[in-house]
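Student: In order, the protein sequence lines correspond to chains A and B.
So in my numbering, spot 103 of the first sequence is number 103, and the numbers just go up one at a time.
So in my numbering, spot 163 of the second sequence is number 1163, and the numbers just go up one at a time.
Since the hints were derived computationally from the structure, they do not count as laboratory data.
Heads up, some of the hints might be wrong.
To be verified - Examples of chain B residues lying across from chain A (beta carbon under 7 Å, computed):
no., residue
1, Phe1011
2, Leu1051
3, Gly1082
As the list claims (entries may be wrong) - Covered by chain B, according to a simulated footprint, are these stretches of chain A (three or more residues, beta-carbon under 8 Å):
no., segment
4, 8 to 20
5, 95 to 106
6, 241 to 251
By construction, the Cβ of each residue, glycine as well, lies at the ideal position given by its N, Cα and C atoms.
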Amino acid sequence: MNRFRQQFDSFLPTFRRELGAYFATPMAYVFLAVFLLSIGMFTWEAARFFDTGTADLSPFFVWHPWIYMIFLPALAMRLWADETSAGTDELLLSLPLGMPGLVLGKLCAAWTVAAVGLVLTLPMWITVNYLGNPDNAAIALTYFVSLLMAGSYLSIGAAISALTRSQVTAFVMSVVVAFVFTAAGWPLVLSGVKSLFGAGLADLVAQFSFLSHFEAAQRGVLELRAVLFFVGFMTLWTILNGLWASRQRLG
Amino acid sequence: MLDIQKLEKSFGEKRAVQGLSFTVEKGTVLGFLGPNGAGKSTTMRMIAGVLEPDSGDATIDGKSIVSARREAQAALGYLPEGAPLYDDMTPPEFLAFMAAARSLPRSERKSAIERAIADSRISTVCGQRIGSLSKGYRRRVGLAGAILHDPPVLLLDEPTDGLDPNQKRAVRALIARMAPRKAIVISTHTLTEVPAMCTRAIVVDRGRIVADETPEGLLKQSADGTLESAFTRLTDQAEAESA
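Please work from the sequences and hints to get the whole structure.
Tutor: This is the structure we're talking about:
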């Protein structure tokens, strides 16, 4: 038990250092500003927030997977690639730190910045309450699932960042992988898979789609399936992240 | 204190370290010498637990780096080659991170950080971010990180590289001050540093030990009484033998 706990001792120092790194540089502020700007633009200009005639946040939530797909890899790309290119991975690996705590500390630091971004969208929630009587429980639930989904996107980005020393490569690869998992639920992609590989595989692909899992949540329905999916997805990528980061020790 | 047993490491076809063995006792400052690509840094990285050896072991203060890595790493202070540091932090922030990462008791952290800052003489740059520091100061911040937890074994890869003569003298004095209580291994290719800092010198070439002597003994092996010629002779010899 003690040995097990030791593996996570490294969580707090890592989390603090990474969170500090986001806010010590303009990184976090630039991310937050651009994230809020683009989500606002999509909500008002593309989804016509005021023209829907109903007081809910669906024109806002519908963009989350797409915005996350582009912006969260940018947040995660530095987590490991930066260590390798600056050589600090050598310092880090020489410290008596457990890999699980290290991986989770880094992921949670990026997740916290993403959560701050979500919190800063609360004025929209306040606005719909001013305009009408939305289902606030449903909105809270959608926020919660959206946060889980953000963690899933970040776990992809963090793991891929451990594969390369170039942040740009990490970003591009992460966006591609994130796109596959996002658009797996697109009719365009699904019908393509269906005609190529049959309905069975199309069903399987749809199982892994962020869009389909987020869809129920957007209607305010809490599906245990969706929560388990995102948590499981994050766990899988976090384990991959740990394996890929440990690979360094083999030379 | 530090016991290296038959360390081996290959990168693909290249055998970087071939069965290296040596021990370092408390009070010894060992100069670890060799031409570029001789396997110095690879050996250091294996001892530090950054790189896993293909075979062999290193025990630090009685703990094996292979089977009890965390315990062994806790007993070691390591300054990696080039002193990599987090550029976005100030030296005290960096040392606070190192103290937390090494799980120093909270009550001791402040005094440990103050002592490391004083010992490595970086108090004048404490307000600056590490990214804006000169090479010499960076090296000293790295050194402060390595001695922070007062480890029984110190492993320093090129600790005086990039320092001006005054700074070099200060680092030498610090090492001399710590030497009686620790086992210290210093990798360097600046041969003039060796008689000034080390009580023993090991020369490696192509992953093997070619000489294990006192600096004076090493001097005796040279034709003209300089370390340079001894170094050239030893490493040339190894080259001729392997050719």
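Student: If a hint holds in the structure, say so; if it does not, say that too.
Tutor: A quick look at each hint next to the structure:
1. Phe1011: holds, 6 Å
2. Leu1051: Because about 5 Å separates leucine 1051/B from the closest Cβ in chain A, which is inside the 7 Å limit, the hint holds.
3. Gly1082: holds, 6 Å
4. 8 to 20: holds (count 8)
5. 95 to 106: holds (count 4)
6. 241 to 251: holds (count 4)
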